[in-house]
Structure formats: structure tokens, C-alpha cells
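Student: Top to bottom, those sequences are chains A and B.
Counting from 1 along the first sequence, just add 55 to a position and that's the residue number in the numbering used here.
Counting from 1 along the second sequence, just add 1322 to a position and that's the residue number in the numbering used here.
It is worth saying that the hints were derived from the structure and are not from the lab.
Even for Gly, the Cβ is constructed at its ideal location relative to N, Cα and C.
Each statement offered as a hint is correct.
Some chain A residues near chain B, calculated using beta-carbon distances under 8 Å:
{"no.": "1", "residue": "Arg-70"}
{"no.": "2", "residue": "Leu-73"}
{"no.": "3", "residue": "Ser-74"}
{"no.": "4", "residue": "Lys-90"}
{"no.": "5", "residue": "Gln-103"}
{"no.": "6", "residue": "Phe-106"}
{"no.": "7", "residue": "Thr-162"}
{"no.": "8", "residue": "Asp-163"}
{"no.": "9", "residue": "Ile-166"}
{"no.": "10", "residue": "Leu-181"}
{"no.": "11", "residue": "Asp-200"}
{"no.": "12", "residue": "Ile-201"}
{"no.": "13", "residue": "Leu-231"}
{"no.": "14", "residue": "Arg-232"}
{"no.": "15", "residue": "Asn-236"}
The calculated lysine-lysine pairs, modelled on DSSO-like cross-linking and capped at a C-alpha distance of 27 Å, are:
{"no.": "16", "chain 1": "B", "residue 1": "Lys-1380", "chain 2": "A", "residue 2": "Lys-97"}
{"no.": "17", "chain 1": "A", "residue 1": "Lys-187", "chain 2": "B", "residue 2": "Lys-1379"}
{"no.": "18", "chain 1": "A", "residue 1": "Lys-121", "chain 2": "B", "residue 2": "Lys-1379"}
{"no.": "19", "chain 1": "A", "residue 1": "Lys-187", "chain 2": "B", "residue 2": "Lys-1332"}
{"no.": "20", "chain 1": "B", "residue 1": "Lys-1380", "chain 2": "A", "residue 2": "Lys-121"}
{"no.": "21", "chain 1": "B", "residue 1": "Lys-1369", "chain 2": "A", "residue 2": "Lys-187"}
{"no.": "22", "chain 1": "A", "residue 1": "Lys-186", "chain 2": "B", "residue 2": "Lys-1380"}
{"no.": "23", "chain 1": "B", "residue 1": "Lys-1366", "chain 2": "A", "residue 2": "Lys-186"}
{"no.": "24", "chain 1": "A", "residue 1": "Lys-121", "chain 2": "B", "residue 2": "Lys-1384"}
{"no.": "25", "chain 1": "A", "residue 1": "Lys-78", "chain 2": "B", "residue 2": "Lys-1379"}
{"no.": "26", "chain 1": "A", "residue 1": "Lys-75", "chain 2": "B", "residue 2": "Lys-1379"}
{"no.": "27", "chain 1": "A", "residue 1": "Lys-187", "chain 2": "B", "residue 2": "Lys-1384"}
{"no.": "28", "chain 1": "A", "residue 1": "Lys-95", "chain 2": "B", "residue 2": "Lys-1380"}
{"no.": "29", "chain 1": "B", "residue 1": "Lys-1384", "chain 2": "A", "residue 2": "Lys-78"}
{"no.": "30", "chain 1": "B", "residue 1": "Lys-1369", "chain 2": "A", "residue 2": "Lys-159"}
{"no.": "31", "chain 1": "A", "residue 1": "Lys-78", "chain 2": "B", "residue 2": "Lys-1392"}
{"no.": "32", "chain 1": "B", "residue 1": "Lys-1392", "chain 2": "A", "residue 2": "Lys-75"}
{"no.": "33", "chain 1": "A", "residue 1": "Lys-159", "chain 2": "B", "residue 2": "Lys-1366"}
{"no.": "34", "chain 1": "B", "residue 1": "Lys-1392", "chain 2": "A", "residue 2": "Lys-97"}
{"no.": "35", "chain 1": "A", "residue 1": "Lys-159", "chain 2": "B", "residue 2": "Lys-1355"}
{"no.": "36", "chain 1": "B", "residue 1": "Lys-1392", "chain 2": "A", "residue 2": "Lys-67"}
{"no.": "37", "chain 1": "A", "residue 1": "Lys-95", "chain 2": "B", "residue 2": "Lys-1379"}
{"no.": "38", "chain 1": "B", "residue 1": "Lys-1332", "chain 2": "A", "residue 2": "Lys-159"}
{"no.": "39", "chain 1": "B", "residue 1": "Lys-1384", "chain 2": "A", "residue 2": "Lys-111"}
{"no.": "40", "chain 1": "B", "residue 1": "Lys-1384", "chain 2": "A", "residue 2": "Lys-95"}
This is what each chain is made of:
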Amino acid sequence: MNENEIIAKAQKGDRAALSKLVKIYEQTVYNFAYKICRDKEKAEHTMQETFMSMVKSIDQFSGKSKLSTWLYTVVSNHCLMMARSNKKHAYTSLDDDDALIDPKSITDWEIAPDKLTENSELGGILDEAIKKLAPDYRVVFMLRDIQGFSTEETGEAIGLSVPAVKSRLHRARAFLRNELNNTFGYEKRS
Amino acid sequence: MKKDHKITCKDVMNHICDTLGEDLDSPTCTTIKSHLDNCESCQKYYKSISQTILVYKKYEWKISSDSHTKLLDFLGLDDCE
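One chain only, chain A, in its complex shape (with noise of 0.2 Å):
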């Protein structure tokens, strides 16, 4: 059976075709929301949240995009909205563009990609990175450049401008490009 036929029987009551949906689908949905709450507990519960909207409105999905980015957008928004009712965390200020783009800071780069998987100390470093930036240029990020999103398909899933966009990509790269600067780049030595 393949997806659209297994979405079909959902949207009749389905339970065990939902239940398919949610097996498919749980294991991007967790990473991407633990991606942007940086907490086991809260990446739990938006997960949660992001299939219970799944569940209630299956019936409504129109397949004109794929079930993969309308959960995309259900995730991303419940992130958002978990994050701006706690405020008390401080994030790095991304406004200044000469700060965040430094020629002084530019070296080469070294990273052995089939290392990535098994490294738990890069693990810990991506982390720390990420935890600093603001959760709305996380999202943005995740979404444009993990996920594969377009610029306007990130500006519609949460409601931003394909400026505002850009602005927060541009801003988020660079951002965590220099905080990984100290663990991968080196100078050459001539």
C-alpha cells in the first residue's frame, strides 16, 4: 500500500491506517522538533501535539503538498509557539551583519562527513551552537536548509516575508558557521 493509499483509508476512520502514519512519520517529526526545543521533554510533547493535529484534521488534507511538509509546518508553528511562551531565555543578538561576518574569522575548513554519526563530542558541539540561536532563526534554518524547504515554502509555513526569510537564513548560517569556526577550521600551513 502506498502513502496516498494508506492517507485515503485515514481520512474514512482508519485507525490502524493512522497509526501507520504516525509509525512513518515519528522519527522526522522528533528530530526536527528536538532540533528546535533542544529538550527530550518538550520535543515530546510538540510531537504530540503536531500528530494530534494530524489525527483531528486528516480528513481536511487536500494532498496538494505532501504529508511530509504539511507536518513540516504543523511541527514548525507548535515549536514557535512553545518557545515564544517561555521567554526567559536570552539569545545571541543577530543584528549586527558586520559582527557575524568577520574576513578575520575565514580559514579553511576540514570535516570527515562519515565521522559525523559517531562523533558525540560533535554532537555536544552542534548543540551549543544551536541552543544560542533564537528559535526563530532555528526554524527557518531547519526548515530552508535541513529539510529542503524553498524560500517561499519556509516564508508560507510560518507565516514570514521571502525577506524576512532570507534575512534570518543569511543571519543563522553565519551565525552558527562561527561558532563551529574554533571546531573545523584551521589555518594552512604553507
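Chain B: place on chain A using the hints.
Tutor: Positioned in the frame of chain A, the structure of chain B alone reads:
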């Protein structure tokens, strides 16, 4: 940092950020590509931004069996396992 007639490295870096992964055939991006071909600093910056994206793409948080069970329970689908 070297400076072109029309465009600086800083301009290029900003536009790289805007356009990475998108269509680079517009006149502005053609100028940027040309600059990129000849500027070592911008090449390094482009590579480091690309690699930043790559490391975050590769890094994945796995859902635990406990989270999976709690999810199905929350949705009232625990009997569909």
C-alpha cells in the same frame, strides 16, 4: 580582503548566504560566481557555510521506544500496534 570593481568580498558572502542551494543564474549571481572563482577567501567562506549545513543535516536525534509508546497512548492508538 580584495575588492572587485563592482562587488566586495563582503557583498559576495552576504549573497552566498542568500543564494546557497538556489538558482545561481541571475545576473547578480553570475557576477558573484565570477568573483567566487577568483577569490580564495570567499571560496573558503562558501565551503564553511556548506559544511555547517552538512553537519546539521547529518546529525539526527532518534526517537526512543518510550517516546513512541507515549505518543501512541496520547493519540489513543496504542491498540493499533
